[in-house]
Amino acid sequence: FHSEISISVDVVLQGHGTTNDGNTSRRFYKDAEKSSEITGVDVNLIKRFNNILKAMASGYNINEVAFKKYGIETAKYFVALYLWFYMPSSIHKILIHGAQVIRHAILPIGQLSEEAQEGRNKGYKYYKEHHTRKNSRLNTNEDLMHHLLVF
Numbered sequence: 002f003h004s005e006i007s008i009s010v011d012v013v014l015q016g017h018g019t020t021n022d023g024n025t026s027r028r029f030y031k032d033a034e035k036s037s038e039i040t041g042v043d044v045n046l047i048k049r050f051n052n053i054l055k056a057m058a059s060g061y062n063i064n065e066v067a068f069k070k071y072g073i074e075t076a077k078y079f080v081a082l083y084l085w086f087y088m089p090s091s092i093h094k095i096l097i098h099g100a101q102v103i104r105h106a107i108l109p110i111g112q113l114s115e116e117a118q119e120g121r122n123k124g125y126k127y128y129k130e131h132h133t134r135k136n137s138r139l140n141t142n143e144d145l146m147h148h149l150l151v152f
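For the sequence shown, position 78 matches number 79 in the numbering used here, and the numbering has no gaps at all.
Heads up, a few of these hints could be off.
The following label-pair restraints were derived from C-beta to C-beta distances [what the hints assert, rightly or not]:
1. PRO109 x GLY41: 30 to 38 Å
2. ARG27 x HIS93: 22 to 30 Å
3. ARG28 x SER90: 20 to 28 Å
4. GLU143 x ASN45: 49 to 57 Å
5. SER91 x THR141: 29 to 37 Å
6. ALA67 x ASP144: 44 to 52 Å
7. ARG28 x TYR83: 51 to 59 Å
8. LYS77 x TYR125: 38 to 46 Å
No lab work stands behind these hints: they were computed from the structure. Positions of the beta carbon are idealized from the N, C-alpha and C atoms, including for glycine.
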């Protein structure tokens, strides 16, 4: 991927996890044809996964019935193309059970996404650095909790 479309996939970043984030995902799906060519995965399957992930991350209310139908169609398409490959449990959960999650979620699922959590972590690090006492771990965490409860 790096030589073809200049993205690093699954590279460990010391203290930050891996390069697998929303930006990497967006670049992968933006050029579905090139991603298909590199991975050998069917381009229409990549586009269907992109549609599903965009819907889930949108933050809007999703038509549960339409999502379920699209998810099941995508699962059948996946199995028809790659019968020899065991469907990963994370893909199964999204395609088969995603509509149930949407139905029972209090907030739209996009508001619970990793990007929302990453945004909160940036605030957390800033508050911890600039608005807490550093004389003990207990005081630091107490100040941090007070600050987060206010904001």
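Hints versus structure:
1. Judged by the Cβ atoms, the range 30 to 38 Å given for PRO109 and GLY41 holds: they are separated by roughly 34 Å.
2. The supplied range of 22 to 30 Å is met by ARG27 and HIS93, whose beta-carbon atoms lie about 24 Å from each other.
3. Between ARG28 and SER90, the C-beta spacing of about 25 Å keeps the proposed range 20 to 28 Å intact.
4. Roughly 53 Å separates the CB atoms of GLU143 and ASN45, a value that falls within the hinted 49 to 57 Å.
5. The supplied range of 29 to 37 Å is met by SER91 and THR141, whose beta-carbon atoms lie about 35 Å from each other.
6. Remark: the range hint 44 to 52 Å for ALA67 to ASP144 is upheld by a beta-carbon distance near 47 Å.
7. Distance hint for ARG28 and TYR83: a CB-CB separation of about 23 Å, inconsistent with the stated range 51 to 59 Å.
8. Taking 38 to 46 Å as the suggested C-beta distance range, the pair LYS77 and TYR125 conforms, at roughly 42 Å.
This entry does not satisfy hint 7, going by the numbered hints stated previously; all others are met.
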